[in-house]
Amino acid sequence: MDSKKIDELLKLMQRRGVAEFTFEHEGTVLAVKFAGHAVAAPQQVVTVAAPIAAPVAAAASAAPARPVGGIAIKAPIVGTFYRAAAPDAPNYVNVGDKVRKGQVVCIVEAMKLMNQIESDVEGVVLEVLVDNGNPVQFGQELFRLGPV
Amino acid sequence: MDSKKIDELLKLMQRRGVAEFTFEHEGTVLAVKFAGHAVAAPQQVVTVAAPIAAPVAAAASAAPARPVGGIAIKAPIVGTFYRAAAPDAPNYVNVGDKVRKGQVVCIVEAMKLMNQIESDVEGVVLEVLVDNGNPVQFGQELFRLGPV
Amino acid sequence: MFRKVLIANRGEIALRVIRACRELGIRTVAVYSEADRHSTHVQFADESVCIGPPQATKSYLSLPAVISAADITRADAVHPGYGFLAENATFAEAVNAHGMTFIGPSPAHLRQFGDKLSAKAAARAAGLPLLPGSHGSVETLDEAVEVARAAGYPLMLKAAAGGGGKGMRVVEDEEQLKKVFVITSTEARAAFGSGLVFLERLLRAPRHVEVQVAGDRFGNALHVGDRDCSMQRRHQKIIEEAPAPNLSPDLRHKILTAAARLVSSTGYVTVGTCEFLVEGDEFYFLEVNPRIQVEHPVTEMVTGIDLVQLQIRLAAGERMPIRQDQVETRGHAIEVRVNAEDPWKFTPSPGRITGYHAPGGPGVRVDSAVHEGAMVQPYYDSLVAKLIVHAADRDSAIRKLLGALDEYVVEGIRTSIPLQKLLLADPAFREVRFHTRYIDEWLKMR
Amino acid sequence: MFRKVLIANRGEIALRVIRACRELGIRTVAVYSEADRHSTHVQFADESVCIGPPQATKSYLSLPAVISAADITRADAVHPGYGFLAENATFAEAVNAHGMTFIGPSPAHLRQFGDKLSAKAAARAAGLPLLPGSHGSVETLDEAVEVARAAGYPLMLKAAAGGGGKGMRVVEDEEQLKKVFVITSTEARAAFGSGLVFLERLLRAPRHVEVQVAGDRFGNALHVGDRDCSMQRRHQKIIEEAPAPNLSPDLRHKILTAAARLVSSTGYVTVGTCEFLVEGDEFYFLEVNPRIQVEHPVTEMVTGIDLVQLQIRLAAGERMPIRQDQVETRGHAIEVRVNAEDPWKFTPSPGRITGYHAPGGPGVRVDSAVHEGAMVQPYYDSLVAKLIVHAADRDSAIRKLLGALDEYVVEGIRTSIPLQKLLLADPAFREVRFHTRYIDEWLKMR
Chain A
1 MDSKKIDELL KLMQRRGVAE FTFEHEGTVL AVKFAGHAVA APQQVVTVAA PIAAPVAAAA
61 SAAPARPVGG IAIKAPIVGT FYRAAAPDAP NYVNVGDKVR KGQVVCIVEA MKLMNQIESD
121 VEGVVLEVLV DNGNPVQFGQ ELFRLGPV
Chain B
1 MDSKKIDELL KLMQRRGVAE FTFEHEGTVL AVKFAGHAVA APQQVVTVAA PIAAPVAAAA
61 SAAPARPVGG IAIKAPIVGT FYRAAAPDAP NYVNVGDKVR KGQVVCIVEA MKLMNQIESD
121 VEGVVLEVLV DNGNPVQFGQ ELFRLGPV
Chain C
1 MFRKVLIANR GEIALRVIRA CRELGIRTVA VYSEADRHST HVQFADESVC IGPPQATKSY
61 LSLPAVISAA DITRADAVHP GYGFLAENAT FAEAVNAHGM TFIGPSPAHL RQFGDKLSAK
121 AAARAAGLPL LPGSHGSVET LDEAVEVARA AGYPLMLKAA AGGGGKGMRV VEDEEQLKKV
181 FVITSTEARA AFGSGLVFLE RLLRAPRHVE VQVAGDRFGN ALHVGDRDCS MQRRHQKIIE
241 EAPAPNLSPD LRHKILTAAA RLVSSTGYVT VGTCEFLVEG DEFYFLEVNP RIQVEHPVTE
301 MVTGIDLVQL QIRLAAGERM PIRQDQVETR GHAIEVRVNA EDPWKFTPSP GRITGYHAPG
361 GPGVRVDSAV HEGAMVQPYY DSLVAKLIVH AADRDSAIRK LLGALDEYVV EGIRTSIPLQ
421 KLLLADPAFR EVRFHTRYID EWLKMR
Chain D
1 MFRKVLIANR GEIALRVIRA CRELGIRTVA VYSEADRHST HVQFADESVC IGPPQATKSY
61 LSLPAVISAA DITRADAVHP GYGFLAENAT FAEAVNAHGM TFIGPSPAHL RQFGDKLSAK
121 AAARAAGLPL LPGSHGSVET LDEAVEVARA AGYPLMLKAA AGGGGKGMRV VEDEEQLKKV
181 FVITSTEARA AFGSGLVFLE RLLRAPRHVE VQVAGDRFGN ALHVGDRDCS MQRRHQKIIE
241 EAPAPNLSPD LRHKILTAAA RLVSSTGYVT VGTCEFLVEG DEFYFLEVNP RIQVEHPVTE
301 MVTGIDLVQL QIRLAAGERM PIRQDQVETR GHAIEVRVNA EDPWKFTPSP GRITGYHAPG
361 GPGVRVDSAV HEGAMVQPYY DSLVAKLIVH AADRDSAIRK LLGALDEYVV EGIRTSIPLQ
421 KLLLADPAFR EVRFHTRYID EWLKMR
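Respectively, the protein sequence lines represent chains A, B, C and D. Position one of the first sequence corresponds to residue 1 (the working numbering), numbered consecutively onward. Position one of the second sequence corresponds to residue 1 (the working numbering), numbered consecutively onward. Position one of the third sequence corresponds to residue 1 (the working numbering), numbered consecutively onward. Position one of the fourth sequence corresponds to residue 1 (the working numbering), numbered consecutively onward.
Derived from the structure by calculation, the hints contain no laboratory data. Built from N, CA and C at the ideal position, the CB exists for glycine as well.
Okay, the calculated beta carbon distance ranges per label pair:
(1) B:Arg15 - A:His25: 16 to 26 Å
(2) C:Leu422 - B:Asp131: 53 to 63 Å
(3) B:Glu118 - C:Leu63: 17 to 27 Å
(4) D:Pro350 - C:Gly25: 36 to 46 Å
(5) A:Leu10 - D:Tyr379: 37 to 47 Å
(6) D:Val432 - C:Gly25: 19 to 29 Å
(7) C:Thr329 - D:Leu402: 27 to 37 Å
(8) C:Ala97 - D:Pro350: 56 to 66 Å
(9) D:Gln236 - C:Leu422: 41 to 51 Å
(10) C:Leu63 - A:His25: 22 to 32 Å
(11) C:Glu431 - D:Gly127: 45 to 55 Å
(12) B:Asn94 - D:Pro350: 52 to 62 Å
(13) D:Leu130 - C:Arg217: 56 to 66 Å
Whenever a hint applies, use it, and build me the whole structure from the sequences.
See below:
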């Protein structure tokens, strides 16, 4: 495929309003994306990553990215999530409460140790994302906070 | 697939309101995404063949696509290429000769049979691409013809 | 030993032969159609030659194209793989006539075993048990009726030149025989060029047991263990295993020695397969496959013998490198054929493989010619890969295979994997309560 | 038997353990760092738990994170793989303290064999030959000089807590010993927290021969054959094979029985490796690796024994399922480690794999956790895959391995494959004229 042929192809595609195309012929591959087109997924026009959609393991508790808005407080360690210091104690925080930076918001138990988890942000509790006594993974969202 | 065929395809797809498509035919692949379409997650628009660049075997005689211009006469069978009917006979054709459709231009020997190869096009011989007595693969270019 | 072998095939078997040649220090020539330009067998051979357009009749099945490719690359032997020209006696003759070696049996043996009637005659001469029936073609309806009365119903009426389940009719009684005799013969003539038909007792629930055999030019013949290939859909094998499970030692011994006896008495050279039907404690000769078979890996896994290397060495005139008492089986092996097809409708599913992950680890073997980005062509058979596992016993092998199928990811095309997972988990398979029509009946029940 | 096993590892060994568990009918839990979210071991486990950020110290090496993940998934055993926490006695204790089983030896055995001096003491007690030297730490220079005179030069001065080639110095004569004694001890204290050093005779061209061993809770101990891992670069094994080639039957027998004796005398439970140096007809105990090793597949290939399944069964308290006389080796196996690194400079080469084709066919095993599109992380060790071949003899295995490496396509990152091809083709390797420093010297000569 010489440059004449390529130019011909480019002109043709532009004329027909093409944003991107790939042309493959006898081992030659031409992949083109025209400028001025906001096309999503810019990383690898070609050779799509296509992470193998294999039997995706059911996570102990898959962290759902529920788009409630606001900022999340995430679990800094793996363990069991408790909303209160003891079964009969009041919850550290409830929906609607204002939370300061450094305030304890819950406990994550790991290796029999009760780790007090402090908020690293400020805001009002919009939602509690994990039920009391449930396991949480590292990085799992625990609370959603909105602006004060 | 020439540009006329491609243009035809593009028009057809546009008329039917297609946003993106992939067309594959006998080893040729064309993947196109039209502009002006907010296409969601173009996950596998392309998936280029990406033939693994493995130890590519040396073909018995790799068919080089030498861009001399003009039209090619290709080998219709595998075998040994001879320019003349016998070692002491004159070449069927030489550079500069005019060739008619149906004219014998060479011999390809296969299974001890001398197969006379006829030209399926008309023109003037610009170049002889294979040396006398050399092996040729199916589809390998033998001669280049220019306009009369 | 050969210096350079041309492989007249494509796909996984072409790659299998390339691997065997490489280990034997033999150079390889791949041939390919225009559709297979980027195929794995072309990439991994030492040389390659384009022999024609995508249609198999004009490329892989074209005798002049293949011979000529061997000629111009100065190959000294041709390996036909399976399918295509593998059992074509004319092709084998042409290879020999061009001063090259056909890696397979002689043209005479291809003819002998290519014809059902002469194959059965050879088996009978070697003392192998045959199914009751005509033991040869029946010419007239009267003759057929007489043979049928002696053999007993139900019977199969078969075209002598048929195969793969084609040209066959079940006959339940004399009335039906009278109805279908002429039409079967007429159809056979139209379909296979020969109207010869024969009669054979129909077994209701037989198992398909076959024996891997080998012979050399010095009269040595041996068996390399048995396989069970009863799990078939419309006579197409789907799951194969070695050894055949639940055979009594006595019956197994009888079957194995019968097969070796046939090799010995016919002077067969290179490797082949002797197929039997087994019902209860009885076994009956079915046919000989004079080639390397798709399912040969299960035998390799349990015996540790490389059958393709053995085939090449025997074709090159070497003496049998092993004695019968050196053939030992260890553990159990199962193979499934991963086909590019809809697992339920069995319609072909060619296309580009957009995601690929093959299973691995101990006891897992993959014979394939595909990879991510590879194109499964619509022109040829739908076998994409063979997955073979080997474990200490049959139950472990089934568990291993199920795990490996779970790991097997093929995206962009549909494959037979979902069907195979169900079949492997089926109690009848686990408990060896199956026969050659089991899958067909199972599919009807679903 | 266990119901659910948490695998405290990643990469190919995590997948290897998943496969073993699946065959034993055990559920699996994968743990992963944020970088490994899309890794194969996560995809193929029954459950998975994210345990921390990419840095290993905060994820795979974090004792609380791993224990806690086992806790919340209610696993009843933890398999540590190799590396990371595999030989950490405190971790094993914590696993036990949480009511779970550590799939490996007892914490006491981890401590005994984790310390070079107590390991040697145990070996000496079992009657195993040791290299001449201090057989314990030397406290003062005077003591060192005395020991050195008795053992003979050249010597190695080693930190008791060192390993993997770190904290070692070659001492050619007494003068040099006087120069480096104090500095080595001081460095050892800084690097390993212990300044204890010992002296040992240096062998000029020893081979590294190791024995796979196993023991159960009922006092049964056996060896599962030997391996040669002399092909090392800076004490990192590059090519491993089984059995160790060119050992006299007498020497091999001595080495194997010595290893089994050590297992027996120490009451070691589960699988492990006993390493020796061999020079001429002499062999010397080196150390015990109380874990499953990277190179375990070569032993699996020649013996047909699944060592990871054996390890799990022994950890679960089962009796040894095989007798010593049932351990038979068949053929020869070789493994190469495919690392993501520059083959000549040995610098890591992480990144996305853009093209991938793994070899297959008979006798070829791939233990990997990658595929096309997979990301090789920069945070962890560079092992991408292990390629293992098995053939009838060593020469065939080398040819098969070279062919398989030719088929192995890994695009997007650099790998050690080109180096390994050269090494396998090297006459010294083929003729077994190598020793533990062979590759380092060979690299200098290039």
